[in-house]
Each structure stands twice: as structure tokens, then as C-alpha cells.
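First to last, the protein sequences are chains A and B. Under my numbering, the first residue of the first sequence is numbered 1, with each subsequent residue one higher. Under my numbering, the first residue of the second sequence is numbered 1, with each subsequent residue one higher.
Keep in mind that the hints were calculated from the coordinates and are not lab data. Since this is a predicted model, take the numbers as computed values, not measurements. Ideal placement from N, C-alpha and C gives every residue a C-beta, glycine not left out. Incorrect hints may have been included.
[Unchecked claim] What follows is a list of derived Cβ distance ranges for each label pair:
{"id": "1", "chain 1": "A", "residue 1": "166", "chain 2": "B", "residue 2": "307", "range": "55 to 65 Å"}
{"id": "2", "chain 1": "B", "residue 1": "197", "chain 2": "A", "residue 2": "62", "range": "31 to 41 Å"}
{"id": "3", "chain 1": "B", "residue 1": "141", "chain 2": "A", "residue 2": "9", "range": "30 to 40 Å"}
{"id": "4", "chain 1": "A", "residue 1": "109", "chain 2": "B", "residue 2": "202", "range": "54 to 64 Å"}
{"id": "5", "chain 1": "B", "residue 1": "129", "chain 2": "A", "residue 2": "11", "range": "23 to 33 Å"}
{"id": "6", "chain 1": "B", "residue 1": "15", "chain 2": "A", "residue 2": "125", "range": "18 to 28 Å"}
{"id": "7", "chain 1": "A", "residue 1": "79", "chain 2": "B", "residue 2": "18", "range": "26 to 36 Å"}
{"id": "8", "chain 1": "A", "residue 1": "171", "chain 2": "B", "residue 2": "29", "range": "20 to 30 Å"}
{"id": "9", "chain 1": "B", "residue 1": "136", "chain 2": "A", "residue 2": "118", "range": "34 to 44 Å"}
{"id": "10", "chain 1": "B", "residue 1": "232", "chain 2": "A", "residue 2": "97", "range": "34 to 44 Å"}
{"id": "11", "chain 1": "B", "residue 1": "133", "chain 2": "A", "residue 2": "211", "range": "31 to 41 Å"}
[Said to hold, decoys possible] Distance condition first, Cα-Cα at most 30 Å in a straight line; then the derived DSSO-like pairs of lysine-lysine:
{"id": "12", "chain 1": "A", "residue 1": "97", "chain 2": "B", "residue 2": "211"}
{"id": "13", "chain 1": "A", "residue 1": "154", "chain 2": "B", "residue 2": "141"}
{"id": "14", "chain 1": "A", "residue 1": "183", "chain 2": "A", "residue 2": "154"}
[Claimed, not checked] Pulled a few chain B residues facing chain A out of the computed Cβ check, cut under 8 Å:
{"id": "15", "residue": "178"}
{"id": "16", "residue": "180"}
{"id": "17", "residue": "182"}
{"id": "18", "residue": "183"}
{"id": "19", "residue": "187"}
{"id": "20", "residue": "207"}
{"id": "21", "residue": "211"}
{"id": "22", "residue": "217"}
{"id": "23", "residue": "221"}
{"id": "24", "residue": "222"}
{"id": "25", "residue": "228"}
{"id": "26", "residue": "230"}
{"id": "27", "residue": "269"}
{"id": "28", "residue": "333"}
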Amino acid sequence: MTDLLKLSGVHTHIGRYHILQGIDLTVPQGQVTMLLGRNGAGKTTTLRTIMGLWQASSGEISLGSERIERRATPDIARLGVGYVPESMAVFSDLTVKENLVLAARDGPLDDSQLDWIFGFFPALRRFWLSRAGSLSGGQKQMLSIARAIIEPRKLLLIDEPTKGLAPAIVMALIECLKEIKRKGATILLVEQNFFAARELGDNVLVMDNGTIVHRGEMAALAADVPLQERLLGLSLETHQ
Amino acid sequence: MTELAANDPLPKPKRDIAPVLLPVALALLVIPLIGSTSSWLTLTAASLAMGMMIFIMASGLTLVFGLMDVLNFGHGAFIAVGAYVATLVLAPFAASIQADSLWMNLAVLAPAALLSMAVSGALGLVVERVLILPVYGQHLKQILMTTGGLIVAEQTLYALWGPQIIPMPLPASLRGSFILGDVAIAKYRVLAMLIGLAIFIAIQLVLNRSKLGLLIRAGVENREMVEALGYRIRRLFLGVFMTGSALAGLGGVMWALYREQVHASMSDDLTVLIFIVVIIGGLGSIGGCFIGAILVAMVANYGGFLVPKLALVSNILLMVAILMWRPRGLYAVTSR
């Protein structure tokens, strides 16, 4: 399996804070890699650094054969990286349709792709002409993910998509992400919901204090309760 | 939000019309205070014309404020430069301007306005690259840089044109008034209203019916996410800054014709009004800016007529009242 994304010795400073302290990780093509860790471990910073929203102070980031650590965010996005931030960041003043029109960079909206998305998130069809700001939290998350997959992307960076959502919506999101995975997408997914992590993840990376402290298969971590407790401070079973 | 069944009709987006009703309510409220219908109509027409000119000058600033988070205290420089550049065209063709032919007047006036917009827009390019670019995200430095830029621009105008006030007479065909019964409405005010309305409609069409407009509206709300979608927002910033500068230049020409004079510090008083309009309209909101400009002009005109002693503070009082009602302005767009 080839690696689509590779970070080698990546350091990121935000102001005087040294957040990422030499990150080494790989994300294999066509797989879902989970990025787990306690709050403040540096997961969101890792995604933002890959996306170019915060500049790496040193180290290398490669997407396929391209070095991207010095590239601007729009250039990284144009290489085929979709980003779903933790805050969802839907454009509240724009309608659902306008949010998706903007995300479809390469031309008009593809009807078949839209139908596929509506299959998972029927609410988006219902609120097509409503302002995104009037959607519920779950619907905003659906829109945020829909925006990232409205066109084919090489790599999806998704930050805690299930945070604060009702269980039924979490299940719908998991099904959607599974379907995206079946289509061959490569995903780096930050998640605190361990049930979702176990359902979706092929591989897992665990972060602590700005470094990767564990890498392996998700199934192996899911089966090893003592390891979970050592790495995450609790077991997956207690956090479903 | 209540979930709808699959076959329910799409809900119509809710429209917030309370701010739109404000100028209407204000205009109706002052009728009994003014007493005379003809005076009320004249004042209302003057308010609308003045409001449109302020809107033209403020519309660029609100987008620059909202989209770029830039406090441009030097916006007034574009207004003055626009007016001075127009004199370069209008002075040599004074005979055509004073000819009693609308087409001959417009043949000089239109190129003068276009040249003013081009020069102000080009000046905007230089200001953005030289003064603003190094201080993005640093409000205090933006204030210092742009205020310094305004002083340099004013002093340069003094050096080039001298300290005297330059007359800028209205074209002959725009002098006088349309008489409707016992009501007289100045022709130039009607033209100002039409131009302001046309620019408002054009901006609204661009913002709401084009992808460029979507990008600007999205950028006002969340610049970072627009970049994460693959759009180079810096270029958009520059385009908006130049357009805002060009509109300020056009507003400068219109204001100079309204006052029939040009001087280097002509924008000093206007800048206060423009900032009030941008703040009460809601940073980045063109609709809010439009209504805010009309409100400011109405308060200035009605207030000046009814309580002249309050005229100086009337717009400050208006701003206080609006912000107490809606702390982020009439139509809040950004979260800033």
C-alpha cells in the first residue's frame, strides 16, 4: 500500500507555543487513518498544518510526490485535499446550495454526486434554499462534509465530525464516511468518539504532547484494553 | 429546526425587513413635525440623494472592513483624489460643461468620472500593496499607516493644486429643479439617487448572482475556509480594495459636484459619516450600508431642519440607538 500523505519531523509553533514537536506519520492511500489523543495533544494543529492554515516551522510534508509544507492553503486544496474543520465553518449567510456551489471549484454542481450526497443527508435537499446559519448543528456538519466531498478529493482531513451530535446523526455520518471509504477515498480523521473510530478506522495514530506515541492497526488497538488505557487514559468500551 | 417530511415544500428563507422599515418609519414620523408637505418632500429627496452619495463612498469601505478586517482610516483620500482628478478633465472642457446640452455635458462628465475611478482604483492598488499588506491583522498599525497615508495624500494634493478651494460648477443641464406642484426637487439630486440606486443594484447582483459575489460574501464571514476550499482570497482582497477605492473616487466626484467645490480636506467630515454608516449597517453588509446611509442622511437633513443645534450630534445619537437595538449593526455579517 503506497502512502498518500507523509509527515517527517514536522514542528509547528503558534506564537511562542511549540505545539507539534516532530511529527512523523503516514496515511496510506485508500484507507481511513484515525488520529486519536487527549484534548490538547495537537490533533487539530496537525490537520491545520497539513492544510497550510498554520505553517510548519520545520519538517517535511508530502502529498504523493509533491512537497507541500511551504505551499499556501489554496494550492494545497487544489492538489485535491478536502478539509472539514472542527467548527464546521459553513458559510451562515449563504444558502445550502450556495455553500455547495462554492465548494464545487471545477464547475457546476454534478447532479449524480448531489443525489449521492442527498441519499445520506436528505436534510440538505429539504433545506436547499435555506440559509446555512439556520440549520441545526447536525445539519451544518452534514453540509460541511458534503462540501468536502462534492467533488472527488485525493485526501480528506476531517476534524471531529461527530462532536456534539445526536446518536442518530452520528450513525448517519458513520454510514456516509463508510461509503466514502468504500469509494476508495483516503481519510485522515480526528475523532473523540471511539465507537466511530473503531467502525471507520483501518489504522490509528495516537498523539500526546505534540508527538505520535503509537501507530498501528485500529483493530489491534480496539482489542487491547490495557494499551487503550495506557495511551488514552481510558478504554474504548467506556467511551461509546 | 423542525424536520420536514420529504414531500413538504422547501421553506422560504426568512427575510429580516425591520431595518428596511426604519427609514420609512422615520420619514413618516417627521411629517407632522415638519408641517409642510413640500418641505418634507424636499428634505426627503435631499436625504435620499445625500444618502446615495454616502452609500457610494461607504460601500467599498464596508466590504474592505468586513472582508479584509482592515481599518482603513485613509479611505477619505480616495474621495479627495477622485474629486481632484475630475477637475483635470472638467476644467479644460468648461465650455462643454456650461453648454445647455445634456449630451455635451455628459460627454465630459462621464470620462471625468471614469478617470477619477481609474486613478482612485490604481491608488487603492498602491495603498493595499505598500501600506496595508505589511500590517494585515494588526489593527493598531493599520490605523497608524492609513491615517499617515491620508495625511500624505492631503498634503500632496495641497502641494499639487494649492490650498485654495477649487470651484466645480454643476453642468448646465443639471442645474435647476424638477417642479411638481409646489415641490422642487433638484435635478442633480435625482441623478445622484439614480446613480446610487444603480450601483446598489449592481453590487447586489454581483454579490448574490455570481460566484465572485459568493466568494466575497463567504470571505466576509470566514476567510480561512474560503482558502481551504481552494480560492486565493488575497487576490480577491486586492480586487475588492481597488473597487472600493474606485467607488470612493466616484463618490468624491459626485460630492464635489453637489457642493460645487473641491478642496484637499473635503473628506474629513465625510469620513466620520462614512464610518457611522459602516458601523450601523453591520461590517461587510452592503444592504446594511445602503439603509445606514439613508438613515444618516435623513437624520442630518430632518435634524438640521427641526433641531439645528442637535445637527452635530444627531448621527452619533443615531449610531448609539441602532447599536443598542442591534449591537453588531442592522445586518450583522461577520462575527467580528
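Do the hints match the structure? See the list:
1. 166/A x 307/B: 55 to 65 Å: holds (57 Å)
2. 197/B x 62/A: 31 to 41 Å: violated (54 Å)
3. 141/B x 9/A: 30 to 40 Å: Holds: the Cβ-Cβ distance is about 34 Å, inside 30 to 40 Å.
4. 109/A x 202/B: 54 to 64 Å: Between residue 109/A and residue 202/B, where Cβ atoms are some 26 Å apart, the hint is violated.
5. 129/B x 11/A: 23 to 33 Å: This hint holds: roughly 32 Å between Cβ atoms.
6. 15/B x 125/A: 18 to 28 Å: holds (22 Å)
7. 79/A x 18/B: 26 to 36 Å: Violated - the Cβ-Cβ distance for residue 79/A and residue 18/B, about 46 Å, lies outside 26 to 36 Å.
8. 171/A x 29/B: 20 to 30 Å: About 56 Å separates the Cβ atoms of residue 171/A and residue 29/B, which means 20 to 30 Å is violated.
9. 136/B x 118/A: 34 to 44 Å: holds (39 Å)
10. 232/B x 97/A: 34 to 44 Å: Taking Cβ atoms as reference, residue 232/B and residue 97/A lie about 23 Å apart, which means the hint is violated.
11. 133/B x 211/A: 31 to 41 Å: At 36 Å between Cβs, range holds.
12. 97/A x 211/B: This hinted pair holds, its Cα atoms lying about 12 Å apart.
13. 154/A x 141/B: violated (41 Å)
14. 183/A x 154/A: OK: residue 183/A and residue 154/A at ~11 Å, within 30 Å.
15. 178: violated (39 Å)
16. 180: violated (40 Å)
17. 182: violated (45 Å)
18. 183: Cβ of residue 183/B sits 40 Å from chain A, so the hint is violated.
19. 187: Nearest chain A Cβ about 38 Å off; hint violated.
20. 207: This interface hint is violated because 10 Å lies over the 8 Å limit.
21. 211: OK, holds: residue 211/B within 8 Å of chain A, min 7 Å.
22. 217: Holds, because the Cβ-Cβ distance from residue 217/B to chain A comes to roughly 6 Å (cut-off 8 Å).
23. 221: For residue 221/B, the interface hint holds, since the closest Cβ of chain A sits about 5 Å away, which is under 8 Å.
24. 222: holds (5 Å)
25. 228: OK, holds: residue 228/B within 8 Å of chain A, min 5 Å.
26. 230: holds (4 Å)
27. 269: Check failed: Cβ of residue 269/B comes no nearer than 32 Å to chain A, outside 8 Å.
28. 333: Holds: closest Cβ of chain A sits about 6 Å from residue 333/B, inside 8 Å.
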